[in-house]
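Q: Given next are the chains, with one letter for each unit.
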Amino acid sequence: MQLPAYVLAAVLAASLHAAPAQAQSSTRGSDSSSMLSTIVTSGIVLLPSLMVVHAIDSSTQGSHARVRVADRQTGRPMDVDIPKATLAQAGVKPGDTLHSRNDANGQYVAHNGRDIAYVPAKNSAPMLRQAPAPR
Amino acid sequence: MTPTMRALAAALLFAAAAPALAGRPCVEVAPKPDAVGKALALGNQVQAVLEELNPPVALIARAGQNLDQYGLTYSHMAFVMRDHPNGRWSIVHVLNKCGTAESDLFVEGLGAFFLDDPYRLVAGIMLLPEPAASRLPAILAGTEARRMHGARYSMLAYPFSTMYQNSNGWLLETLARALDPENRIDTREAAQSYLKLRGYQPTELRIGTFTRLGGRMFRANIAFDDHPGELRWNDRIQTATVESVFRLIEAEAPIAKCAQKGCGGKLVAVELP
Chain F
159 MQLPAYVLAA VLAASLHAAP AQAQSSTRGS DSSSMLSTIV TSGIVLLPSL MVVHAIDSST
219 QGSHARVRVA DRQTGRPMDV DIPKATLAQA GVKPGDTLHS RNDANGQYVA HNGRDIAYVP
279 AKNSAPMLRQ APAPR
Chain R
7 MTPTMRALAA ALLFAAAAPA LAGRPCVEVA PKPDAVGKAL ALGNQVQAVL EELNPPVALI
67 ARAGQNLDQY GLTYSHMAFV MRDHPNGRWS IVHVLNKCGT AESDLFVEGL GAFFLDDPYR
127 LVAGIMLLPE PAASRLPAIL AGTEARRMHG ARYSMLAYPF STMYQNSNGW LLETLARALD
187 PENRIDTREA AQSYLKLRGY QPTELRIGTF TRLGGRMFRA NIAFDDHPGE LRWNDRIQTA
247 TVESVFRLIE AEAPIAKCAQ KGCGGKLVAV ELP
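Line by line, the protein sequences give chains F and R. The opening residue of the first sequence carries number 159 in my numbering; numbering runs sequentially from there. The opening residue of the second sequence carries number 7 in my numbering; numbering runs sequentially from there.
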């Protein structure tokens, strides 16, 4: 049996916890991009934060990892939580550089020129919800 | 202190043992980031159209598979409801469970509806005539939505049998319940009788014996034993398709009482370039 809320809860959490500062630091637009570099030195950290637990603890069972990155344009740090499997498949390691590219509804995160994740913007994330109908 | 900006990167990746989303292929890979971005883009465009039309409920279709050889554009249909308890513009529809012989009813957002690696990024929207437009929100918002649901799924279910049901069949029977001026339909059998009475014509597909046998043997979600023998043995498989539901509404619309802009029967297509 599928758990439809599995991924979608994560998406919803993404929007709920994206701080306004992030949007300010991002240049919204089809061709805009910014550079994000990982600055974590202790490896990729499991996400134990309250905000994540609230949203996805029961459904993802801690399958995400948090990557702290710095926007090279603004220098501001940003924590990005990505499924560990995604990071493993993409071979992301501490010290690696990630790239972000915005579109009208969110942000692509790329590693070595390949998109590895899509972070929906706050107002778009609810569009990815899915749940069984009431019984 | 430097404020830490937090975002949750929803990479939509399914780990090896992770469950799959209902209605999506049950392969253990994630939807690609590009697929998520495009699904959201189309979802937002559809939302803008819906906001303009502003119906309480409408039909919405997607082109998940290439059905050109059958002369069909859309492969799957749902209701989209404006003021659903789960959120504005919620999709309510039946999805097959990972290729099994069962289905369930789901409520989801507009973006999720197009996350199914569609063949074409196109949506078909059709407004509904009265009394369906007024009655459906109460049906779709709660447990009543399940009244016309039959959990035994067959992708090509015969629409005048209750042995199996496909996604469009649930929608069709729920629609029949809402269309009945007498408001007396409360069983699947009654809904199917009403549809016959109103002249509903399912789509007829030509599917040969070997194709049918292959489908039955290798796919749990395809069966043909619900189809009348005289049709089946002549390779005539009748089923509820999106286009057949659109035709039903188009036939109803001219005689229906319209209480909203656009009323019923006009198909609005939204497509990403």
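The hints are simulated quantities; they were obtained by calculation from the structure and are not laboratory data. The beta-carbon is built from N, C-alpha and C at its ideal position, and this holds for glycine as well. Be a bit skeptical, because a hint or two may be false.
[Said to hold, decoys possible] Just the calculated beta-carbon pair ranges, DEER-fashion: (1) R:Arg222 <-> F:Arg272: 23 to 29 Å; (2) R:Ala196 <-> F:Arg293: 32 to 38 Å; (3) R:Pro137 <-> F:Asn281: 43 to 49 Å; (4) F:Lys251 <-> R:Phe224: 40 to 46 Å; (5) F:Ala262 <-> R:Arg222: 29 to 35 Å.
[Stated by the list, open to error] As a list, the in silico DSSO-like pairs of lysine-lysine whose alpha-carbon atoms are at most 30 Å apart: (6) F:Lys251 <-> R:Lys202; (7) F:Lys242 <-> R:Lys103; (8) F:Lys280 <-> R:Lys202.
Q: Would the hint linking F:Lys242 and R:Lys103 be met if the CA-CA limit is 30 Å?
A: Holds, because 26 Å separates the two Cα atoms, which is no more than 30 Å.
Q: Can the restraint linking F:Lys280 and R:Lys202 be considered satisfied, given a maximum Cα separation of 30 Å?
A: The given pair, whose Cα atoms are some 46 Å apart, is violated under the 30 Å limit.
Q: Between F:Ala262 and R:Arg222, does the C-beta distance stay in 29 to 35 Å?
A: violated, 45 Å
Q: Take the C-beta atom of F:Lys251 and the C-beta atom of R:Phe224, compute their distance, and say whether it sits inside 40 to 46 Å.
A: holds, 43 Å
Q: Using the Cβ atoms, figure out if R:Arg222 sits within 23 to 29 Å of F:Arg272.
A: With a Cβ separation near 41 Å, R:Arg222 and F:Arg272 fall outside 23 to 29 Å, so the hint is violated.
Q: I want to verify a distance hint. Is the separation of the beta carbons of R:Pro137 and F:Asn281 within 43 to 49 Å?
A: violated, 34 Å
Q: Could you grab the alpha-carbon distance between F:Lys251 and R:Lys202 and see if it respects the 30 Å cut-off?
A: violated, 62 Å
Q: Do R:Ala196 and F:Arg293 keep their Cβ atoms within the hinted range of 32 to 38 Å?
A: This hint is violated: roughly 22 Å between Cβ atoms.
Violated hints for the displayed structure, listed by number in ascending order: 1, 2, 3, 5, 6, 8.
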